[in-house]
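> Next come the chains, spelled out residue by residue.
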Amino acid sequence: MSLPKPVMRGLLAKRLRFHLPIAFSLAIVAAVAFKFGVTEPRKKAYADFYKNYDSVKEFNAMREAGIFESVRPSVK
Amino acid sequence: MLLKGKNRRSSLLANTTRIKCASSYWLLLFVRAEVSDTVDMSRPMYCDRLDIPLPDKPYRDVLTDAEESLKQKEKGPWSQLSREEKIALYRLSFCQTYAEMKKPTGEWKTVIGGIFFFVGFTGLVVWWQRIYVYPPRPRTFDPEWQAMQLQRMLDMRVNPIQGFSAKWDYEKGQWK
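Same order as they appear, the protein sequences are chains A and B.
Residue 1 is where the first sequence starts when you use our numbering, and the numbers rise one by one after that.
Residue 1 is where the second sequence starts when you use our numbering, and the numbers rise one by one after that.
Note that these hints are calculated values from the structure, not bench results.
Mixed in with the good hints, there may be bad ones.
Unchecked claim - Below, computed lysine-lysine pairings styled on BS3-like, alpha-carbon distance capped at 25 Å:
no.	chain 1	residue 1	chain 2	residue 2
1	B	K86	A	K51
2	B	K102	B	K75
3	A	K76	A	K57
4	A	K57	B	K172
5	B	K86	B	K71
6	A	K35	B	K167
7	B	K172	A	K51
8	B	K57	B	K73
9	A	K76	A	K51
10	B	K103	B	K86
11	B	K172	A	K76
12	B	K167	A	K44
13	A	K35	A	K14
14	B	K102	A	K43
15	B	K176	A	K57
16	B	K109	B	K86
17	B	K86	B	K102
18	B	K86	B	K73
19	A	K43	B	K176
20	B	K75	B	K86
21	B	K176	A	K44
22	B	K57	A	K57
23	A	K35	A	K57
24	A	K51	B	K71
25	B	K57	B	K103
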């Protein structure tokens, strides 16, 4: 009937010592993955779109399609 | 339980509580058909609970003579108790064992069955509503209208960088 005395102290510290490094590294991995999976491609997509963007041409295309109320399609 | 004269009339009422009142008229209307045992809740009570392994009092505390003598024998060395005596002593202190408390009840079948039944009933209600309650279908749901809507979205260049219009090839007039 002589069981060893169970551990009574330091239980939270032990749990934190194990789980905190894992938590922090997972958080950092998530942040890095988001940066290189989402934000960098998005910045590149925007840069590529506006590199050769002719706003006047786009405007005239939209005008001919007839979506504006202030400028009607050109009379041709 | 014998029903007295005035109780027989009120036996049709379901579980009305007794109202202690000076007027016996109300007593006639609200007397219970069966009088249950009152429990003194100010004293320690026995309970079968998984999270209370040692209840406030033993299950049986008024013992017969045979049980009294068994309790006396319990004061000696326990190796002299037979298996049946040990079990009898346990049953004096406790009503149910942990195994009996934790026995599965099969309640989940009733719960799942009830869920399916009421979901099905709700389906019937929704079906009836679709026939008798819903207003006429908006014209914006017609395929022709949807096609016109899609064309207008492309003309407006909705989300041209990463979204909707980015997937449309404007030179060829088709999806990329």
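> Against each hint, give a clear statement of whether it holds in the structure.
Here is how each hint holds up against the structure:
For the hint linking K86/B to K51/A, the alpha-carbon distance of about 90 Å lies beyond 25 Å, and the restraint is violated. Taking the CA atoms of K102/B and K75/B, the gap is near 31 Å; set against the 25 Å cutoff, the hint is violated. Note on K76/A and K57/A: the hinted pairing holds, with a Cα-Cα distance of about 17 Å set against a maximum of 25 Å. The straight-line distance between the Cα atoms of K57/A and K172/B is roughly 17 Å, inside the 25 Å bound, and the hint therefore holds.
Under the criterion of a C-alpha separation no larger than 25 Å, the hint pairing K86/B with K71/B is consistent with the structure, at around 10 Å. Distance hint between K35/A and K167/B is fulfilled; the C-alpha atoms sit about 23 Å from each other, no more than 25 Å. In summary, the hint linking K172/B to K51/A is supported, as the alpha carbons are separated by about 21 Å, within the 25 Å threshold. The hinted pair formed by K57/B and K73/B meets the criterion: a straight-line CA distance of about 20 Å does not exceed 25 Å.
For the given pair, K76/A sits about 31 Å from K51/A by alpha-carbon distance, which is inconsistent with the 25 Å threshold. Between K103/B and K86/B the alpha-carbon distance is near 23 Å, which keeps this suggested pair within the 25 Å criterion. Between the alpha carbons of K172/B and K76/A the distance comes to roughly 23 Å, so the proposed pair stays at or under 25 Å and holds. Taking the CA atoms of K167/B and K44/A, the gap is near 16 Å; set against the 25 Å cutoff, the hint holds.
A C-alpha spacing of about 33 Å is found between K35/A and K14/A, which places the hinted pair above 25 Å, so the restraint is violated. Pair hint K102/B plus K43/A does not hold up; C-alpha atoms about 59 Å apart against a cutoff of 25 Å. Using a Cα cut-off of 25 Å, the hinted pair K176/B and K57/A holds, with the two alpha carbons roughly 21 Å apart. Between K109/B and K86/B the CA atoms are separated by roughly 37 Å; this puts the pair beyond 25 Å, and the hint is violated.
A distance of roughly 22 Å separates the Cα atoms of K86/B and K102/B; the hinted pair therefore holds under the 25 Å criterion. With a CA separation close to 11 Å, the supplied pair K86/B and K73/B stays within the 25 Å bound. Pair hint K43/A plus K176/B holds up; C-alpha atoms about 21 Å apart against a cutoff of 25 Å. For the hint pairing K75/B with K86/B, the CA-to-CA distance comes to about 12 Å; that is within 25 Å, so the pair holds.
Of the supplied pair hints, the one linking K176/B and K44/A holds, its CA atoms being roughly 19 Å apart against a limit of 25 Å. Restraint check: the Cα-Cα separation between K57/B and K57/A comes to about 90 Å, which exceeds 25 Å; the hinted pair is violated. At roughly 34 Å between alpha-carbon atoms, K35/A and K57/A are farther apart than 25 Å, so this suggested pair is violated. About 95 Å separates the Cα atoms of K51/A and K71/B, which puts this hinted pair outside 25 Å; it is violated.
At most 25 Å may separate the alpha-carbon atoms for a hinted pair to count; K57/B and K103/B meet this at roughly 23 Å.
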